[in-house]
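For this one, chain A is given, so just place chain E on it according to the hints.
First to last, the protein sequences are chains A and E.
Residue numbering for the first sequence is 7 to 263, as defined by the working numbering.
Residue numbering for the second sequence is 238 to 396, as defined by the working numbering.
Calculated directly from the structure, the hints in this document are not laboratory data.
Hints may be right or wrong, so weigh each one.
Stated by the list, open to error - Each computed DSSO-like pair below joins lysine-lysine, with the alpha-carbon atoms no more than 30 Å apart:
1) Lys-284/E to Lys-66/A
2) Lys-35/A to Lys-284/E
3) Lys-239/E to Lys-62/A
4) Lys-24/A to Lys-396/E
5) Lys-24/A to Lys-284/E
6) Lys-313/E to Lys-41/A
7) Lys-66/A to Lys-368/E
8) Lys-24/A to Lys-239/E
9) Lys-242/E to Lys-311/E
10) Lys-396/E to Lys-35/A
11) Lys-35/A to Lys-239/E
Said to hold, decoys possible - Okay, the calculated bits of chain E under chain A, using three or more residues with CB under 8 Å as the criterion:
12) 279-285
13) 301-315
None of these values were measured; they are calculated from a predicted model.
Think of the CB as a built atom: it goes at the ideal place given N, C-alpha and C, for glycine as much as any other residue.
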Amino acid sequence: MVAGGTNVIPDMRARVLKSDVLIDLSRLKSLAYIKEEKKKIRIGSLTTISELASSKVIQKYAPILSQAANQLGNPLVRNRATIGGNLADASPAADTAVPLLALEAMVVAERDGGKQRQTPIDQFFTGPNRTVLRRGEMIKEIIFPKPNSNAKMGYSKLGLRNAMAISVASIGVLMEMERDKCKEARIGLGAVAAKPIRAYRTEEMLVGEEITKQLIEACCGAITKEISPITDIRASAEYRRSMTSVLLGRLIRQVTE
Amino acid sequence: MKPIKTYPLELNINGEWKKAEVAPYETLLHALRERFGYTEVKEGCGKGDCGSCAVLLDGKAVNSCLTLVLQAHKQKVVTLKGIGTPEKPHLLQESFVKRGAIQCGFCTSGMIVTAKAFLDRNPSPSRDEIKTAISGNLCRCTGYKKIVDAIEEASKKLK
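Just chain A, with the same shape it has in the complex:
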């Protein structure tokens, strides 16, 4: 299936993707939407990355998603690339996956005949460029609950350049404080494992605690044990580990000050 074509066409040129038939989804405009409901936000799979980045609804309720969208590829690519395509391509560095993990999104897949099934995003990816999608299924929409009004979030993408960069490490953090203690913490990570992941053990260290300098340092240490980065042409595993630690520290401080 092809929508924006921003991964499919380069993959076909590189002969990484070989297919006799392409099903064009790009004209399914009824699947390009961002709907605000009382308790959740629903995004149609054909919504372009540009639309995500500039959506007032997303900027208001899920700024980490619009920030991540704004750093995907470049402006020309963002006008064609879609959120469904970014998730279905399932790069371990997929830009929209990281905030969607922190937002605890649900991926709704549909197949011929209208049968739908929902998969929580942290179960959607099964490996590099692999998802739970079966033959004949496509992503219909992505749903996430509106975060509580006191939730603060931050996103950071480290790349080798300012645009057109595949992440070296990317991280999205959502935290809710209640009085002085952390009530909720969610950390999504990209490019540091075989798929985009949540850092559940590090999150547990934060919940119920006051955010002290020592705790932040401890979390920055702990997160390096939850990730399994590789060395590739963009960065070494050591650098990714080191940067994940630094970025987490910055984001926790940013969302809790």
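Then chain E, alone, in the frame of chain A:
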């Protein structure tokens, strides 16, 4: 060799409707250059990394190398020639010439298409916003400064 099945295409290019029979794997870039003769649209990388192939598709700047031409069926495409001509140049083209923003000229078509779509949406940009807007258009010659100057100057004149 088995003949390729072709499909009918209708495309509005710079205001004119064109028809053709195309193969499904043909890109918009290829169709514009080879089929219809709009050779101002350049192929730099063919994979969406350089921006030389930028055209406006329904008003949005896109990489024509990443669009299959049939995906643009019945839609409006604008190339550089639809933005300005030697007889009637667009202010952006005049600024690019005046400011020395053109050396070899290969990136220029994509730059101006991108800049036009950008200024249409953001008529009073900062220099940083301009730089972000052209972050998908590579230039190997100028070092970008004069391109940013030209777009900034054009934005002031267009008001």
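Comparing the hints with the structure gives:
1. Lys-284/E to Lys-66/A: violated (34 Å)
2. Lys-35/A to Lys-284/E: holds (25 Å)
3. Lys-239/E to Lys-62/A: Since the Cα atoms of Lys-239/E and Lys-62/A sit roughly 51 Å apart, the hinted pair is violated (cutoff 30 Å).
4. Lys-24/A to Lys-396/E: violated (49 Å)
5. Lys-24/A to Lys-284/E: Holds - the C-alpha atoms of Lys-284/E and Lys-24/A are around 16 Å apart, at most 30 Å.
6. Lys-313/E to Lys-41/A: holds (28 Å)
7. Lys-66/A to Lys-368/E: holds (25 Å)
8. Lys-24/A to Lys-239/E: holds (18 Å)
9. Lys-242/E to Lys-311/E: Holds, at roughly 19 Å.
10. Lys-396/E to Lys-35/A: violated (34 Å)
11. Lys-35/A to Lys-239/E: violated (34 Å)
12. 279-285: As far as the segment 279-285 of chain E goes, the hint holds, because 3 residues have Cβ atoms under 8 Å from chain A.
13. 301-315: holds (count 6)
Checked against the numbered hints given earlier, this structure breaks hints 1, 3, 4, 10 and 11; the rest are met.
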